[in-house]
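Visitor: Chains Y and W, in that order, give the protein sequences.
Each residue of the first sequence is one higher than the one before, starting from 1 at the first, in the working numbering.
Each residue of the second sequence is one higher than the one before, starting from 1 at the first, in the working numbering.
If you are wondering where the hints come from, they were derived from the structure by calculation, not from laboratory data.
Careful: at least some of the hints might be erroneous.
As the list claims (entries may be wrong) - So, partial list: chain Y residues that the calculated Cβ filter (under 10 Å) puts toward chain W:
(1) VAL10
(2) ALA31
(3) GLY140
(4) ALA180
(5) VAL257
Every residue gets a Cβ at the ideal spot worked out from N, C-alpha and C, and that includes glycine.
Spelled out from the first residue to the last, the chains are:
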Amino acid sequence: MSARGAWRWVADHFAMIAAVAALLYLFLPVAYTLVFSFNDHGRSNIVWEGFTLEHWQDPCGVPGVCSSLVTSLQVAALSTLVATVLGTMMALAMVRYRYRGRSASNMLVFVPMATPEIVLGAALLTIFVQGFNDIGLDLGFATIVFAHIMFCLSFVVVTVKARIQSLDPRIEEAAQDLYASPAQTFRTVTLPLILPGILGAAMLAFSLSFDDFIITNFVSGNESTFPKFVYVSSRRGIPAEANVIGFSMFVIAVALVVGAQALRSVRVPKEQ
Amino acid sequence: MSALAQAAVAPAAAEGTENQRPTRRGWVAYLLLLPGVLWLVVFFLLPLVQLAAVSLQSRYPGFPGYYYRDVNLEWYATALTDYAPHFARSFLYAGLATLLAFLISYPLAYAMAFKAGRWRNLMLICVIAPFFTSFILRTFAWSQILADEGWVVRLLETLQLVPGGQLINTPVAVVAGLTYNFLPFMVLPIYASLERADPRVIEAGGDLYASGLTTFRTVTLPMSMPGVLAGTLLTFIPAAGDFVNMELLGPQRGKMVGNVINDQFLTVPGGYPLAAALSFTLMAAILVMVFLYVRRFGTEELV
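Chain Y on its own, in the form it takes in the complex (with noise of 0.2 Å):
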């Protein structure tokens, strides 16, 4: 073996070695909460003190967590909905046509990603307070879901672009060539095509709405939210019930991106 193939042997497995172990970085805390659920804790469950299967036969058990976490998946789903009904009718607009202002609407998009989520917290709080209130709005539910619309929309649009880019247009013009109207098209052509990518959005936007702490802090008044659950208890110790909910929905995410990477293998073979 030469030199060179020596330093490449090592260069190989010194990057696997390195990727392994950041793998592990990122699943210790998940280990951690996994763990702390089976908690046999007093008062605080910072330090193990002992197995007990009672928070998995009743995570609803302490006062606040459940409904939190039903506000949080309503949240979600509201805001998903509208996020990416009009993110989606943004890429489409902007990848395939025409207009003014073009560069504009690309900032518009733009901005609100590069803005720390606090700035856009604590903006949306300034206006719920001090106008918004005026037409009857008052913090809570409703004020959620408006500001986690438009935090995801962003990300929707662009990943929705990014899948109509990847497009061959051809394809639709094809259909158009065989006189299809504009709507047969969309309906039986580009939709069918850009799905993949609107439904990755979607789970994007999902998922990023029911993470979402800093800017649900700032806009929820005395609504709770998971996130929210968690931060206000965890100064007191976080009951290993949430530590059930948290790693059940990890384990719920997982199984459904491997169904839908499996189902998506069994449908096209033949890709990558």
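Please build the complex by placing chain W on the supplied structure of chain Y, with the hints as guidance.
Guide: Below, chain W alone, put in the same frame as chain Y:
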């Protein structure tokens, strides 16, 4: 998780622009854009305008906590002088976290793109998966991992690596938390740009008698620059504005600017104008940095 789309997105978006000249014209475009644009105007632009107005308000003499509309730059002066250390800390910690995230992410992304073979999708899922557990739960887990009696501190103590015998409630823990929390935002864009790179180009480097290191420096790294650029921005921006890591892992004193904004808004009565000025200064500073950075290193359109 958001990085997932970003990764899929940032480089891919730039790719299609050449053969994708928009062809259609007409009012349909405006109709499609209208609802989304309206939403962003009402819930992004207008709130920023209101925030700007608040940051310029003046105190009513004799009525603490009351303000009137004005063009008063006093709050910005306070923000830039009294809170300069907080800004410095925010940018320093975010910068360190970005650098560390880059060092951890690059080998991971590289291994995923070139070495993983059929394990690639599994590794990709492994990168994203931890982020389905609430980030506050994971940050709290770090406070347990780094606790004084924990195995990490004991291990480092045996190796004589922590002089004070403490990690939690120190800036070190904050940087560690920031690095961890935004890591996938770094991994996925780098992976996406490496994955699109042709491995034969890298092999060609070797065939032309470049050493592994030279090939990496002159071929692989430049090819991944769009991903590195997107990754550093996606890590640095949220890290610079974060306050949760400082709150859960950091010291009582020596906070970041995010903590000040949060406290001024949510706990200090009449704290809005200062908080608004701090928010705007933060946003302006970040936008300027992003602009300079993209101009220095960026080659393609970012979105």
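Visitor: Look at each hint and say if it fits the structure.
Guide: Structure-based check of all given hints:
1. Annotation: Y/VAL10 was flagged as interfacial toward chain W, and the flag holds, the nearest CB pair being 9 Å apart, inside 10 Å.
2. The closest approach between the C-beta of Y/ALA31 and any C-beta of chain W is roughly 8 Å, which is under the 10 Å cut-off, so the hint is satisfied.
3. Nearest Cβ of chain W to the Cβ of Y/GLY140: about 16 Å, over the 10 Å cut. The hint is violated.
4. Restraint check, Y/ALA180 versus chain W: the minimum CB separation of about 15 Å is more than 10 Å; hint violated.
5. With 10 Å as the threshold, the beta carbon of Y/VAL257 comes within range of chain W, its nearest partner Cβ sitting at about 6 Å, so the hint holds.
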